[in-house]
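K.L.:
Here is how the chains run, residue by residue.
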Amino acid sequence: MVHIVPEIIKESVTNLVKNGERTDGRAFDEYREISLETGIIEKAEGSARVKIGKTQIVIGTKPQIGTPFGDTPNVGVLMTNTELLPMAAPNFESGPPDENSVELSRVTDRCIREGKVVDLEKLCIVEGEKVWMVFLDLHVIDYDGNLMDAAVLGSVAALMNTKIPTTKIENDEIVLDYENMMPLPINEKALMCTFAKIDGELIIDPSLEEEEIMGARLSIGMTEDGNICAMQKGGAQPLDREKILKVVSIAKMKTAELRTHLP
Amino acid sequence: MVHIVPEIIKESVTNLVKNGERTDGRAFDEYREISLETGIIEKAEGSARVKIGKTQIVIGTKPQIGTPFGDTPNVGVLMTNTELLPMAAPNFESGPPDENSVELSRVTDRCIREGKVVDLEKLCIVEGEKVWMVFLDLHVIDYDGNLMDAAVLGSVAALMNTKIPTTKIENDEIVLDYENMMPLPINEKALMCTFAKIDGELIIDPSLEEEEIMGARLSIGMTEDGNICAMQKGGAQPLDREKILKVVSIAKMKTAELRTHLP
Amino acid sequence: MVHIVPEIIKESVTNLVKNGERTDGRAFDEYREISLETGIIEKAEGSARVKIGKTQIVIGTKPQIGTPFGDTPNVGVLMTNTELLPMAAPNFESGPPDENSVELSRVTDRCIREGKVVDLEKLCIVEGEKVWMVFLDLHVIDYDGNLMDAAVLGSVAALMNTKIPTTKIENDEIVLDYENMMPLPINEKALMCTFAKIDGELIIDPSLEEEEIMGARLSIGMTEDGNICAMQKGGAQPLDREKILKVVSIAKMKTAELRTHLP
Amino acid sequence: MIIIITNTNLNTGTETSARADKRAFDELRNLKIEAGVLERADGSAYLEMGGNKVLAAVYGPRELFVRRLMQPNRAVLRCKYNMAPFSVDDRKRPGPDRRSVEISKITSDALSPAVFLEKFPRSTIDVYIEVLEAEGGTRCAGITAASVALADAGIPMRDMVVACAAGKSDGNVVLDLSEVEDKEGEADLPIAMMPRTGEITLLQMDGDLTEEEFQQALDLAIGGCKKINEEQKKAIKNRYGE
Amino acid sequence: MIIIITNTNLNTGTETSARADKRAFDELRNLKIEAGVLERADGSAYLEMGGNKVLAAVYGPRELFVRRLMQPNRAVLRCKYNMAPFSVDDRKRPGPDRRSVEISKITSDALSPAVFLEKFPRSTIDVYIEVLEAEGGTRCAGITAASVALADAGIPMRDMVVACAAGKSDGNVVLDLSEVEDKEGEADLPIAMMPRTGEITLLQMDGDLTEEEFQQALDLAIGGCKKINEEQKKAIKNRYGE
Amino acid sequence: MIIIITNTNLNTGTETSARADKRAFDELRNLKIEAGVLERADGSAYLEMGGNKVLAAVYGPRELFVRRLMQPNRAVLRCKYNMAPFSVDDRKRPGPDRRSVEISKITSDALSPAVFLEKFPRSTIDVYIEVLEAEGGTRCAGITAASVALADAGIPMRDMVVACAAGKSDGNVVLDLSEVEDKEGEADLPIAMMPRTGEITLLQMDGDLTEEEFQQALDLAIGGCKKINEEQKKAIKNRYGE
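Protein chains in written order, with the numbering used here: chain A, 1 to 263; chain B, 1 to 263; chain C, 1 to 263; chain D, 1 to 242; chain E, 1 to 242; chain F, 1 to 242.
Some hints could be false.
[As the list claims (entries may be wrong)] When the alpha-carbon atoms are kept at most 25 Å apart in a straight line, the in silico BS3-like pairs for lysine-lysine are as follows:
id, chain 1, residue 1, chain 2, residue 2
1, E, Lys-227, E, Lys-32
2, D, Lys-227, C, Lys-243
3, D, Lys-227, D, Lys-237
4, E, Lys-92, A, Lys-130
5, B, Lys-243, E, Lys-92
6, F, Lys-105, A, Lys-243
7, B, Lys-168, B, Lys-18
8, F, Lys-183, A, Lys-122
9, D, Lys-226, C, Lys-246
10, F, Lys-32, C, Lys-51
11, B, Lys-243, E, Lys-227
12, F, Lys-32, A, Lys-246
13, F, Lys-105, F, Lys-237
Note that these hints are calculated values from the structure, not bench results.
Just need the whole structure built from these sequences, with the hints factored in.
P.N.:
This is the structure we're talking about:
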């Protein structure tokens, strides 16, 4: 549902930015308070609860044994699904994923996949026949802006928290050994850092209030060595080349900072 | 679609109940006229047409050979589906089952399943591989109240009417013998009895007029030996403990009475 | 969405017909300009672009290996799907096929299937196990009336243009030989001819303007030897017996004429 | 493991008589029509024809809530044709499929010419057809039943609509194809007509017919319609008296 | 190739104690309720009971955009019960299934009697229940949490609503079935009540109970509800002070 | 039984030239744009780029019937990106999937900055993009074509929007990835820009790029956009004359 922001809020937030300030007193490159717990759902093989400010997501993983895709017979499968629950915001509705939910799923998936967070080749059990399929489900329960950074941070934490049984082949049968659980093979801790364009400035970790009036959004996924693994621009205003290059540099520092929250 | 009942009808029905009367002259514990035919659809392996007053449901069964559920490898499967057809009432709409249709399906299924009407273990053909799956489809064609009792009565009749081919295993193949048909293995004739709360009274077998103004509904499923196998309260008014205990006793008598309509 | 035609257009088109004329100057039994190209989509195994007047459809085929239907174990499968794209007309909407799109799919499919255009028995690879399934997808991109004749003409052309690899069985495996491609086995070139009823007259190949005011429509599918293989009446006005018999004769000539456009 | 089904109950053997069920080429199957069989619907009818069992119900004219379908100068006649899951040998999944969407559309077109829709602007007349058992020819059975249900609902009509198929089976043009004749035959031609004027309101064909065979089949179907129309009239008479 | 799973973590062995988790027949599982756990919702609550983890959120009273649901003289209380895909052993596909549609409906019926809906004509109160982890009894946990969330949202209520199940397991009538007891037991009887008047707002049963066992179980569940209600009150006190 | 497919027609062998199709690192594939190719649409364009064949059509500004999308002070620009079932090697099921939903959204964001939406309050401009054949880079092809279709429809615009990807393949930063380079390469960076101001209206990336490589690729893509924009202008000139 379209949510009309009163002109007066738009003006006041914009005027603050003009003066180098934000409504909650943060610097332009300052994240809100971040908290991260893992292992909170016992029935999930991996889980995490992440909060960035008042934004809150619960994430769970479910590994299953399945068939690999025909063109990647020796590679496990990661499936990312996001639910923007109607409990999270007054304007979120029940029903099949809308375009915002689809974009959040796909960008989260892209950052994790292209950042090679999970070593999917190690999830092959029998080439061409059986691989682990890891379902990564994001349950957005409280929405106060910047879902992307929270989604990626929480997802990486949940994947790091995930345990699967070891497998062996005996007499042409796959035996799952639940007494010897092993963590998912984690390669990398790629994280995402999002900027909002307000009055020409790009400010980090937008709150809901800032998102509602921003002209554009740029999310940058980065690996531990500072390479870019994913980017996504959103919003109906353009960005200029210099600003983009500048925030890529900032993102390198800030994703390193975010990474300290991982266990 | 919400159907607004004129205040005046509400008053007149309620006043009658206050005086111990009902619009159609019945006693509080009296069913409307019941009729039950079986074997009415030749292409269905079992079928029935049930009428309670003007409420009318056509029921058919379709047994198929399928795979058992993983956790019950030697048990057949019963699938209940209800269609509240738009022909049955001016406010029923085409489309996927709404919550009323889902509730009717699930309560009917529960009464039959928990009442152990069909001996599902006898429907296993090859353990873990092949079992009979019995589809029970209810086609509600005329709606004048109390669908639940009609649905269960008609379903039990249709199941009793159902014939399946005998099976044998020959050379690792399942052979279906259509010259030797056998009835479904029936254990029990669990039936359901529904009460409507109007002005504090619980009256049996509500007509549409009574359903439209009732404050709550209580359906009680009972086996032949008078045990309770299923219950479902509906409606936005509460019930008190003593009334509940009282109608459980009444239901025992009335389901026995209903049972005489079965062939 | 309902599209209301101004009364004035209706009158002017009808008056022309009364005088034996049409808005674009055609005779009652005259088609608009027809153009037909094939092989326009390299990734499709067969393709065609057909234009009748300003109506334009792009058609592609995709053969896949699949399982035959249980009751026809040695027969290939043809699946026809039509998309009335929202780009084709201002009142076409995105979403699942509506009744017009379904009718177009089914009538096209019927004309091709009953006209025995493809020799489906030759598409069997291993009886009861593997057959070719040919997906025929029609993408309607510009709508100016008479979709049915265009759909069938373009579909026949796309099927004639389709190539599949030859198959052989080696050591119980199906080997697809992409170096020896063969055309789909084509039996017959059944085509369809559509008439619109305006002011009692049946005129051929209605334009959009004519379709919008016509009282009824009659489509006739004919094989090369002039037999009828499919018919479909549409619209809320009746047709009389003599008119029907008359246009069947006309359709015989006109489908022969249409057939000259095939390669 | 393979499943073998023996002794199937579909008797499709090679009969020696002209038609599997011994009917003459222009003979209808057994027919029974009853009007007014449902309580809630404004009008209803039940029809059996051969092994077909079909129920039709009518609601309306009533307010049309879907604004974009509304017609300023007439009623819309909407049809829903639906098959019960247990109406066929292999259970049919509930809900509309492409076949039922098409049949709903052409049924609506077949009935509309007979109804004085222009008397009820901005409203809808809803026709629901439920196939309880199918044995070849359900679309015709549904139209024939729906027309009786419309009459039972008191909807003003120019004429009844009556439907019947002819076709070609074993090389012969025959009336009212049974399920086996429909499946194994060479052509099927279902039509609907208004008996008073003889005008055709539904016309479909699939199979293979020469122009001559088509004319033969069309005339056979028209004749069948006229016979069935007598039963429609009886059903209404039985309901309302002479 | 067949997949064998060894050493499964579901311990369903034959325990010798009366209940697998050593509880007394009338003993509840560990219970924890917290009010006001979400920022955006007008009211919210988090509840843990045994292995269940449930979140409830309330929005409203607010404008109802679906006109056909609108009630001229009162608010509509709408409920959505949903299980997270990771809340159960085998991943649950997202979106409503028949079970969640039924639970949503009876939850709405269970809560409605306690709310002064007549104060808010033409509006809606929306209750969302998310099961984050399920271990038997989630519908009761959801109702209990939702009632706290309604209070947290400041919705005027006649009383709290509190829910609890009793049932029969290993031949004994017991309170608050765990997941194993629910799956392997003989009967489950979830109820909801308004503790002040003792009136029952939810009542379901499945399994096999004699009339006497039913009365026993009902009274056991009523007793359980009263205990749980104390925790509800504490949760609200903790949130708002005495 | 296993199906073996021999002699597949996808030539993905180890080429020795720098790029599989012999292009220079900053060379675009063959490009062809034509404006005004459809009759019913208010504006349209057809674009071929390498093996891509894309059609774009525009309707509007027109009345917006979905009230909840309406903007009081400007038009909404809605996009539908769709792939024909026959546009790819393995048939694509008709209807939107998650990929096309995302591309539709970012395409709408990419085009919106260039259109004077504020001139048409409460209305919609609908852009439909159909991929008839896909060979890597269809989202950019779609945006480029859509911009020409918007111009063809006479929609007032600040500037054209033109899109092009750069990326990394075989260790080299290259322009306009082909399908093989996209699938086997190390990174893909599709952008859209308004050539007059150089402002970026679409920016996505996946793969692995250092900061330096990113800047290189970005500048390469900007250069590609400028070249493609010349073809856009020619297409419009061809349609409307100088």
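K.L.:
Could you work out which earlier hints the structure fails to respect and list their numbers in ascending sequence?
P.N.:
Structure breaks hints 5, 7, 12, 13.
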